[in-house]
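Use the sequences and the hints to build the structure in full.
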Amino acid sequence: MKPSKLFLASLILSLSAGVAHGCIPSPNYTLYASSTSDGTYYYSTASVSGYSTGMSFSYCGNGVLHTPFVWHQLKNNANGTIEGGTFSGQPGCPGCQISVSNEQIIAPTSSDFWEEDDAGWVQCSIAGIFWHNGGEGAPALSSLIETAYLRASPTTWTCSMIGGQQVCNITQFSSFCTAPTTPPDYMPHGLVTTDNPPSPYYDFKTVCYTFSLSAPYSWICFPTSNVKPLAATPPSGDCTKYPHAGGSNITTQ
Amino acid sequence: MRSKAGRAVQEHDAPQQSEPLKLGDPDACGDSTPRPFRNSVEKEFLYVAVLVLSVFALGAWAQNPVPHQHSASPPNLIDGSKNPELIPDSTAYRVVLLDLSLPSNSSDLDRRRQASLFGDIGLTPSETLQFNTVLAEFRSKYDACVQRWNAAGEAADKAGLDFDPALYVQQLEDLVQSTRSDLARQPILNLKVAGYVQHQKHGIQIQKGAN
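Protein chains in written order, with our numbering: chain A, 1 to 253; chain B, 1 to 211.
Because the hints were derived from the structure by calculation, they are not lab data.
In this text the structure is predicted, and so the values were computed from the model without any measurement.
Even glycine gets a Cβ: it sits at the ideal position worked out from N, Cα and C.
Some hints here could point you the wrong way.
[What the hints assert, rightly or not] According to the in silico footprint, chain A covers these stretches of chain B (three or more CB under 8 Å from chain A):
{"#": "1", "stretch": "110-122"}
{"#": "2", "stretch": "182-195"}
[As the list claims (entries may be wrong)] The following label-pair restraints were derived from C-beta to C-beta distances:
{"#": "3", "chain 1": "A", "residue 1": "Asn62", "chain 2": "B", "residue 2": "Ala144", "range": "23 to 31 Å"}
{"#": "4", "chain 1": "B", "residue 1": "Pro125", "chain 2": "A", "residue 2": "Cys159", "range": "22 to 30 Å"}
{"#": "5", "chain 1": "B", "residue 1": "Ala144", "chain 2": "A", "residue 2": "Thr155", "range": "32 to 40 Å"}
If you want it as structure tokens, here you go:
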């Protein structure tokens with residue numbers, strides 16, 4: 001090889017090495033998923049935010065833009081309905097604070113379970129996707145969502161007069177469910193009631209989620225005001241125990 | 001079912017696929033006769049071209065190693081669903097306070113969601129009022145800081161200067177700390193919010209530092 005060509009090749013080699021080492025961003029990004037339920041609706045939010053460092057102007061040039069993406073999808077496992085998708089935020093300079101957030105609202109019913117999938121990535125206008133935490137169809141964070149039914153019996157409570165009214169604070173319950181649905185997914189931490197004494201049985205309905213997609217599940221349930229006292233002795237409750245939806249003889253609907 | 005915030009990616013442009021050129025294909029270049037290299041100069045040129053293309057291909061691969069279909073987690077990832085104790089409090093407070101606060105153009109839906117979240121935290125009506133005051137101040141200062149950050153970044157970019165966001169990262173950190181100090185003045189509210197933030201670490205995944 002002639003010296004001139006060797007020089008050309010070396011020049012290109014060093015330039016390319018410069019691009020590879022000087023224009024690779026050091027990512028600082030956060031993927032966050034949060035949810036809540038008011039008893040009827042399940043509000044789910046996923047967001048990506050952050051910035052990059054280490055992108056030297058001399059290697060990257062100016063006008064480079066980074067765009068954040070979040071994949072936020074909720075799928076109804078019973079009928080295949082899909083809510084959400086891929087969302088992008090405002091592009092910003094590489095060192096800028098960029099973010100994207102998306103909210104989805106679903107109304108879980110007694111017979112269906114939902115799966116939520118979240119992922120995030122950032123795309124550079126000259127280098128393509130340089131950071132990803134999961135991707136479309138490949139979640140970084142997944143959770144199951146269900147409507148949970150429960151029939152339970154109070155086991156520990158204290159009653160006192162508050163503002164001229166008898167108020168009982170039930171601090172412990174025992175589930176009263178059919179054998180296949182015991183232990184149920186949901187167990188309330190407590191209930192404040194004006195029933196004195198408390199009713200022997202209560203029916204509950206709430207919304208729960210778990211980050212485990214396979215057993216053992218660790219359900220996180222939202223506080224609920226959807227509670228009904230039962231005066232007479234009822235049959236064992238058809239409680240929710242994933243993948244059994246339950247609720248067939250529960251009075252809270 | 002509704003969705004808000006963010007901009008939906010409606011559709012991706014389908015890549016245009018073309019027929020690959022085949023060596024010796026009579027229809028490819030209008031020349032039906034495959035021929036050997038004419039001389040050693042052409043041969044040398046080919047070597048250099050292959051070398052150059054290989055180097056650029058390596059560079060491109062280094063910058064964009066995987067398409068977003070891949071599920072592999074990035075290096076240095078802290079997964080709060082597995083190790084919530086590794087999520088720094090300052091990061092958790094920042095993302096949770098931002099999530100709990102209302103944007104300046106909040107909708108009824110935003111307020112309903114916030115009320116539901118406050119219910120999860122177990123706030124009483126008076127604590128809700130106190131917390132809303134703290135959150136409104138946090139959000140307004142946060143938005144202003146991000147605005148200054150991005151204005152400085154864009155100005156540096158236009159001027160052809162390197163931009164180091166460290167100053168603004170520290171300002172957001174200071175804002176989170178001062179908000180926590182405000183919360184600490186109301187012990188019961190502080191306790192409830194702290195419990196919620198610790199719980200929410202399960203939904204946080206962060207990557208810091210080198211690629």
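Results for each hint:
{"no.": "1", "hint": "110-122", "result": "holds (count 8)"}
{"no.": "2", "hint": "182-195", "result": "violated (count 0)"}
{"no.": "3", "hint": "Asn62/A - Ala144/B: 23 to 31 Å", "result": "holds, 25 Å"}
{"no.": "4", "hint": "Pro125/B - Cys159/A: 22 to 30 Å", "result": "holds, 24 Å"}
{"no.": "5", "hint": "Ala144/B - Thr155/A: 32 to 40 Å", "result": "violated, 53 Å"}
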